[in-house]
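Chemist: Single-letter residue listing:
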Amino acid sequence: MRKPWLKRLAHASEPWLYSAPSLILIIAVMLVPLVVGISYAFRDIQLLNPFSGGFIGIEHFRDLAKDAAFYTALKNTLWWTGASVILQFFFGLFLALLLDKPFWGRGLVQALVFLPWAVPSFLAGLNWAWLFNPVIGPIPHWLFALGLMDQPGNILSDPRHAMWGPIVANVWWGIPFFAITLLAALQAIPRDLYEAASIDGANWFQRFRSITLPFLAPTIAITVLLRTVWISNFADLIVVMTGGGPADRTQIVASYIFTQAFKRLDFGYASAIALVLLVLLLVYSMLIILLRQTLLNKD
Amino acid sequence: MASIQIEKLEKSYGHVSVLHGVDLDIADGEFIVLVGPSGCGKSTLLRMIAGLEDVSSGEIRIAGNRVNDLHPKDRDIAMVFQSYALYPHMTVAQNMSYSLRLRNIAKDTIGSAVAAAASKLGLDPLLERRPKALSGGQRQRVAMGRAIVRQPKAFLFDEPLSNLDARLREQMRAEIKKMHGDLKATSIYVTHDQIEAMTLADRIVAMHGGVVQQIGSPLELYDRPANLFVAGFIGSPGMNFLAATYAGGSVRLADGTLVALETVPALADGESVTLGIRPEHVVIANDGSGMRAAVELVEPTGFGIILHLSLHGLPFKIFTLDREALNSGKEIGVRFPAQYLHLFGTDEQRIA
Amino acid sequence: MKRSVLPTIAHRLAILCYIAFALFPLFWLLKVSVTPNDLLYSEGVRLWPSRTTWDHYAFVLQHSAFPTFFKNSVIVAASTAVVVTICASLSGYALSRFSFRAKYLIVALMLLTQMFPLVMLVAPIFKILSPLGLTNSLTGLVIVYTAFNVPFATFLMQSFFDGIPKDLEEAAMIDGATKFIAFRQIILPLTLPGIAATLGFVFTAAWSELLFALMLINGNSAATFPVGLLTFVSKFSVDFGQMMAAGVMALIPAALFFLLIQRYLVQGLTAGAVKG
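Protein chains in written order, with the numbering used here: chain A, 1 to 299; chain B, 300 to 651; chain C, 652 to 927.
Don't take each hint at face value.
[Claimed, not checked] Straight-line Cα separation of at most 30 Å, BS3-like style, residue types lysine-lysine; simulated pairs:
id, chain 1, residue 1, chain 2, residue 2
1, A, Lys-7, C, Lys-830
2, B, Lys-307, B, Lys-452
3, A, Lys-7, C, Lys-754
4, B, Lys-452, C, Lys-830
5, C, Lys-682, B, Lys-419
6, A, Lys-101, B, Lys-431
7, C, Lys-886, B, Lys-307
8, B, Lys-452, C, Lys-817
9, B, Lys-431, B, Lys-476
10, B, Lys-406, B, Lys-419
11, B, Lys-431, C, Lys-830
12, B, Lys-307, C, Lys-830
13, C, Lys-817, C, Lys-754
14, C, Lys-722, C, Lys-682
15, C, Lys-817, C, Lys-830
16, B, Lys-477, B, Lys-431
17, B, Lys-406, C, Lys-830
18, C, Lys-754, C, Lys-830
19, A, Lys-7, B, Lys-431
20, B, Lys-452, B, Lys-476
21, B, Lys-419, B, Lys-477
22, B, Lys-476, B, Lys-419
23, B, Lys-406, B, Lys-452
24, C, Lys-817, B, Lys-431
25, C, Lys-830, C, Lys-722
26, C, Lys-682, C, Lys-886
27, C, Lys-886, A, Lys-263
28, C, Lys-722, C, Lys-778
29, B, Lys-307, A, Lys-7
30, B, Lys-476, C, Lys-817
31, A, Lys-7, C, Lys-817
32, C, Lys-778, A, Lys-263
33, B, Lys-431, B, Lys-419
No wet-lab data here; the hints were simulated from the structure.
All chains should be modelled from the sequences, with the hints used to inform the complete structure.
Modeler: In structure tokens, the structure reads:
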């Protein structure tokens, strides 16, 4: 005997009713514009040029293939993303381990060390730009005093080291994210496992390696993946702190898109770069997921 | 109160079938216990009656009305969950009155219903507490109270006592039985504990692998188990089974001993059978007669003694009230009284 | 038990280093914002100026549109937080409690939204919103921010719902509640920490957003704090005291909100982490 179709329909549509507001918003404000944005990559869209707008096929991509600035940006993106993610991860993991065991005042400490996350990203950028500024900030003077600098200069205008400015700001800003996620995962590890391991005679490092790491692994994998993608797309700090300079030394792909779109108002070209970045990130994610799958299947 | 009929009820998840055609007729006011090992489908069956799981095929009727497509709220049943499922953000009184408030019943009616249920369960001093501030036993009572404040057509219990310690479990078991005596409410009770099943049930439904194995009164299941599964599941310690062959009114055990049967079953000589006897029915023969069995372990329970033996090299148990058994030597003699023997065929069904 | 105190000291020291690293930039912001102009350069590297002043704050409040920016930002951030939390509770509930075929499609869609630079959407969104009269309006900003924040908020809420036993809804349904009433009266009250976390998270995110605020709004009347601060910075780029005073003011609401909700955030992620 089958259910009345009306009832089955009502039953099947229930999850859709709950998801509808979110889905409609995402589709209308993100998916549709994304598709439109992708179409721009194949069109000539320049805001100041009233004759633009025509379909030009893959011309943007041809230009892109010859664009030396793009390759520089790609290299810088790797550098920026790699350094930021690795530093954020290790400092975040260490912080999470420090916060995992109870001590007096932990609640307050936790609130304070996580505070940078609440700082608006552009303000974090401004703030660090000021800190690196020898006129107003202490850092150049400290570096000078330590003998790391010949004179108290601005690291952000030094082509060789400029990238470290945004990276330091990014690490400062991003440690809490890793720490929060990893702390949550740490606290989900059953305590009696550690007790059992202690009774078995495992020292701190052995416990860390044989219990903590395996339990954290899934969280680490997914967090690092998401964070890598996110940081590759994260241009705020660079735009605010260096604008890509000096001499494109801090220009990453995301900030290059920003420059193309808003300094040169060439939305078509900007969309083409964004599309390439999206594809690269999708490929990267797929590779990571595949890698994870094969590693899981091996066990 | 109402009767419940279940006809050819089946449940499958995709290609996995968990209930294979259950038929069950529950009379008004009857206390039915669904018993079986975990994964036997008893909880699924209960949840289907409650409306928490869809029916794949077959029919459920409550008070004569088909309820297959009715939402749980429209079935007018109450349920006590294993986890109690008390609403953490409501006080005991609010927990108990929630169902009545949802039905827009007048405030003073609700008040008196809650007060009556609370006094019946001894919950009066706890009414303003939150579940978090209650002990396990108290939570269990609140869960019961939540079920009895309204007069539902049926009570469903999903292993309600399994989170309590042994003493409390015993006490609550008695209270549930007493309450059923007072309310005469149609009840369906799921448990894996055969003592609960034996003590509470008007009728027990023994289930295994999604199939009903036997339906009957507790003593019927104990005295005449329909198959090997029920024979092994009901009773503690479990029934002893011995492989044997039929030989003209007797059965021959592996070592050649002939054991006389009470009645003569319709079997051909040489057919394989399984002989079953409960540990409490085995007689210890101190006079040297009977089969010889090696004593491997002696477990005094205080009330009686469990002897773990090895009979023809197979594990075998005896339960006896005789303290003398504590002093048994390395070997004892055992006899099987004919009236306590169970005989099962190769299809695992009861023969005699 | 008597243990060596050395690890404990090392632990506290490490914690202190983290606190110093986390707070020093914010401390510096505060320090410069209260340093009188004449001491700014002469006492540039001192940890605290010999004299302090509130002049920069007074100037920012009196001679700029910051009160308007502040009001706009509060309206936008608060409305976004509320709308996102409502939408995300519903969709998070759907992902947590129903198993339906398109579930993975929805999850994939939400993950996709986290994969590309949002810069790419500026021009298309401008084109879509402008005929609707939603550019240069706070409503338009709220709609855009809501959509941007719904995916993460949905995952966050889902992990909170996953932490609530299904038994409770089933008990409610047997007590006579429809699924929606069970959701509203039983499940939602139990996810209050999750709702607080989501509200705080989204408020902070919406409060901080710069790119779209910059692109969709022109003129001061509908500008939000980040836009105001940035124009202020480019206009008065020599007056560090005033910029930092404005910065401190931009920071306060977000920081307050964050301090209130951060422990629920860990809780929510733990609830999800249990499930793996």
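Chemist: Which hints from the list above does the structure break, by number from lowest to highest?
Modeler: 5, 7, 19 and 25
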